[in-house]
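The lines below spell out each chain.
There are 2 protein chains.
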Amino acid sequence: MPYSEETASYKFNHTMLRIKDPKISLPFYTDIIGMDFIDKLEFSDFTLYFLAFDRSGGKATDAEKKADRHNREGILELTHNHGTEKLGATPYHSGNADPQGFGHIAITVANVEEACARFGRLGVPFKKRLTDGRMRNIAFILDPDGYWIEVLQDTTASK
Amino acid sequence: MPYSEETASYKFNHTMLRIKDPKISLPFYTDIIGMDFIDKLEFSDFTLYFLAFDRSGGKATDAEKKADRHNREGILELTHNHGTEKLGATPYHSGNADPQGFGHIAITVANVEEACARFGRLGVPFKKRLTDGRMRNIAFILDPDGYWIEVLQDTTASK
Chain V
982 MPYSEETASY KFNHTMLRIK DPKISLPFYT DIIGMDFIDK LEFSDFTLYF LAFDRSGGKA
1042 TDAEKKADRH NREGILELTH NHGTEKLGAT PYHSGNADPQ GFGHIAITVA NVEEACARFG
1102 RLGVPFKKRL TDGRMRNIAF ILDPDGYWIE VLQDTTASK
Chain D
982 MPYSEETASY KFNHTMLRIK DPKISLPFYT DIIGMDFIDK LEFSDFTLYF LAFDRSGGKA
1042 TDAEKKADRH NREGILELTH NHGTEKLGAT PYHSGNADPQ GFGHIAITVA NVEEACARFG
1102 RLGVPFKKRL TDGRMRNIAF ILDPDGYWIE VLQDTTASK
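If you're matching them up, the sequences are chains V and D in order.
Offset between the first sequence (1-based) and the working numbering: plus 981.
Offset between the second sequence (1-based) and the working numbering: plus 981.
A couple of the hints might just be wrong.
It does not matter which identical chain is used: a pair holds within one copy or between any two.
Keeping only pairs whose Cα atoms sit at most 20 Å apart, straight-line, the calculated EDC-like set for lysine to aspartate or glutamate is [said to hold, decoys possible]: (1) Lys1140 to Glu986; (2) Lys1046 to Glu986; (3) Lys1021 to Asp1043; (4) Lys1140 to Glu987; (5) Lys1004 to Glu1023; (6) Lys1021 to Glu1131; (7) Lys1040 to Glu986; (8) Lys1140 to Asp1049; (9) Lys1067 to Asp1026; (10) Lys1046 to Asp1020; (11) Lys1040 to Glu987; (12) Lys1109 to Glu1095; (13) Lys1021 to Glu1066; (14) Lys1047 to Asp1035; (15) Lys1046 to Asp1035.
Just so you know, the hints here were simulated from the structure itself, not pulled from any lab data.
In isolation and in its complexed conformation, chain V is listed as follows:
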């Protein structure tokens, strides 16, 4: 589309997924996926958690990351409806069985083989390993609620 002043300020700020248990999903998205926790909004019956990858090379403070929440892309919003953490299995649907809709979120990485080896060491379940199927530079891992996360090679990065 030609550059337009009308939409010049627009950013694809975030994607929201519902999660069963923040005590499981937050460590997954921070320690394993590598995102920073940047903000939390608490309401009477639900809590919203905002996560994003650091873009400052480790220089930004927590306050700067929080202040930047509206002014960037690539934020993941996780919604916890209070009480779901007590359920046995997740009540949530990945979108990839019927009824389909949402498919996945995706992370690009500088070295997809190293990233997948690390996910394997950390015990992350795979939906598709690099060696499965025809597409050998793409894997899919599963988050704690069963959402698919594509892991793909950043073709602009040097391995």
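Start from chain V and add chain D according to the hints.
Quick look at chain D alone, frame taken from chain V:
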């Protein structure tokens, strides 16, 4: 999370949604939402469309936008399974009725009142207008398949 070399290259590259008809969804996401079409991958029974907001102030060429596809955040991937465009209604599920899961994508804008007035002029259906409910700085519009798109004020922008 403390800065880690292991995940320093990771980016939240894209979110994938299935769409019924690219002839309807592509004009929606480009002309109305304001994203650029940046790439397309065609397979025998499906086609992937990649869109993203321009971050160059209109300076980047189409080739530069395409080359940057793996090395940025905020990409929307739309999957068209060939043939769904012939269906009467979308076969896809927004994630907000049962079974729930995915909730929405969100765009931040420099002036949420102006943005919502423009969406109204362009005939976009609203799930929640700014004046509905208690949260007066957030609206939800619906994409052609019924996915929810949150429109929220970028609190760092001057109106």
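Broken hints, by number: none
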